[in-house]
Amino acid sequence: MSFDTEVGDIQLRNPLILASGVLGTTYSTLQRTYEAGLGAVITKSIGPRSRIGNPNPSVFALQEIRSVINSVGLANPGYSIFREDIQILNENKIPTIVSIFGENKEEFLEVLNGLKDLSVLAFELNLSCPNTEKGGTQIGTDPELVKEIVSMLRKETEIPLWVKLTPNVSNILEIADAAIKGGSDALVAINTLKAMVIDIQTKMPVLGFKRGGLSGAAIKPIGIRYVYDLYENFGDKIPIIGVGGIYRGEDIIEYLLAGATAVEIGTSLGVAYPENMIRFFQMKIKKYMKEHQFNSIKEITGGAHR
Amino acid sequence: MTKQTLPNDKPLMGKIITKELECEDTYKFLIELPIKAQRALPGQFIMLWVPGVDEFPIGIAGFKENILEVGIAKMGPGTEAMINKQIGDLVGVRGFYGKPFKPPQDVNHLLIGGGFGMTPLKLLTTTLLEKDSKQNIHVFEGARTKDRLMYLDWFQDLHDKDLITFHVCTDDGSYGYQGFPTVDLENFLQENQTPSVMYVAGPEKMMKAIFNIGKKYSNVMDMQMSLADRYMRCGFGACSYCAVDPTGWRICVDGPVFNTEQLEQISDFGLYKRLESGEKVRI
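If you read the protein sequences in the order shown, they are chains X and Y. Each residue of the first sequence is one higher than the one before, counting from 1 in this note's numbering. Each residue of the second sequence is one higher than the one before, counting from 1 in this note's numbering.
Next comes chain X alone, as it looks inside the complex:
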């Protein structure tokens, strides 16, 4: 039995990847999470210049639905400063995927060119952050723009490009198709769902930015549905990476069965101790593979499409 995973040409020791936005602000949390047993890690989304993000509260838990709402708003130090963290990850041989964003084509290009000389497993294009005024979701909901950006970046590097899709669209297949036509090497689904919390005592939105994005257990069935749909339509063309609400090993299996080649895990690793969670995930996957006589992760992928 093996956990070995291939996402296109990328070899991973297992299909568990740290999702962008959680534990990804510094090389040391990324390294810690990888060493706890992940296949790879993805950095916090990095843009062209330093951003302080949105005012607090910008992240809090919603206990009843085991979820987290956030409006961090792409706070990041900018690629020229974050390079140093990636360099340390390179030196320590941590398989690192860098999430990048821009408000327009030019900014995406600037960030990619500013980092492409480093040892990066893949660039994940964050076309789908709901927490900014411009860019992010706005780009990720326009198929023409998605195609244009992906194909432009495609010409600049041999490093695989993964496109992270937003669920906040009426037709995700249209966007996925545009990403594939632009030359994307994998599709990642899903980013957070648009969400909001209002305090009924003070009658005020709680998030400093008022609106935010929901992650955690509540969004898992939505992620499963999107991965299932994407696999049905594009499963023979491109690997799909499932993300959204993984809290238990069973959730990982579910994503694989829906059609995921690998999964990204964020919220649950951040809320708990990543070391414990990853151990539980691995134990559960092993047990499932044994019970259902799977020898490889690849055999599980798409198993629900019969």
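In short, the hints are calculated from the structure, not lab data. Some clues are possibly wrong.
[Claimed, not checked] Distance condition first, Cα-Cα at most 30 Å in a straight line; then the derived BS3-like pairs of lysine-lysine:
| id | chain 1 | residue 1 | chain 2 | residue 2 |
| --- | --- | --- | --- | --- |
| 1 | Y | K15 | X | K210 |
| 2 | X | K210 | Y | K19 |
| 3 | Y | K280 | X | K116 |
| 4 | Y | K19 | X | K203 |
[As the list claims (entries may be wrong)] Going by beta-carbon spacing under 8 Å, a handful of chain Y positions derived as facing chain X:
| id | residue |
| --- | --- |
| 5 | P51 |
| 6 | A209 |
| 7 | G237 |
| 8 | E264 |
Every value quoted in this text rests on a predicted model; they were computed, and no experiment measured them. C-beta atoms are modelled at their ideal positions from N, C-alpha and C, and glycine is treated no differently.
Chain Y: place on chain X using the hints.
Then chain Y, alone, in the frame of chain X:
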């Protein structure tokens, strides 16, 4: 129903029931929460939401049933807005977060603080005094002037009742001896060879200096220091804006209180912190 601790959830709205000037620019607030919890542990913190303005981490000075005590000094727009709140106003509380101070048995407890660092040390003092056996408690506090000594009357009263020994000093000599808390601290460590544990909270540069002093004395069994004075967004481990290098420990869940062995491993300690963007800068 009395819960073990508060749930990690959206802000729990509490009502301000007391507001008093504690010392210069610093107010004591009592906040009544709608849920009872067993206890808050010394060194733990809350995320305090001032609706419509900001949310920030703040140490817990006291907690009983559902009444929370915090001390707020003017540090920025968020704390200023809190200071402008009145009795009856609602504020949001998330927590209790973080790992607490862990006082062992049969040692001299040396509590050393400056500024709002006195907040968790007040709760630690309360907790130590609740123990069945009498504890040997020494509190070392320093400030620029008498007006800036936090909880001066509270600690002085405990000293006068012979429950603690209060070593108090000011830069200008307006109260206590003139100088720094480290003077009395070192005197104590030189004169008392019995095992001591130091608990420190305050500005990180000050803590680093105290850490270096503590290392010189073999009778110091452990130093527990609270690194809570850092930028935080979530408070429960997800965002990692408070993480320290090279260990990847998150101040909010792996800390804020770290022991000697851990502090030795944190190369950022006393030297670097992160801004809201995640950029690392010198303290």
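How the hints compare with the structure:
Annotation: proposed proximity of K15 of chain Y to K210 of chain X holds, straight-line Cα distance about 22 Å (limit 30 Å). Between the alpha carbons of K210 of chain X and K19 of chain Y the distance comes to roughly 29 Å, so the proposed pair stays at or under 30 Å and holds. This hinted pair checks out: K280 of chain Y and K116 of chain X have alpha carbons roughly 22 Å apart, not beyond 30 Å. The straight-line distance between the Cα atoms of K19 of chain Y and K203 of chain X is roughly 24 Å, inside the 30 Å bound, and the hint therefore holds.
Because the smallest distance between the Cβ of P51 of chain Y and any Cβ of chain X comes to about 5 Å, under 8 Å, the interface hint for this residue holds. Given hint, A209 of chain Y at the interface with chain X, is violated; its Cβ is 24 Å from that chain's nearest Cβ, farther than 8 Å. At a threshold of 8 Å, the smallest CB-CB gap from G237 of chain Y to chain X is about 5 Å, leaving the interface hint in force. For E264 of chain Y, the shortest C-beta to C-beta distance to chain X is roughly 16 Å, which exceeds 8 Å, and the interface hint is violated.
The structure is inconsistent with the numbered hints 6, 8, although it conforms to all the rest.
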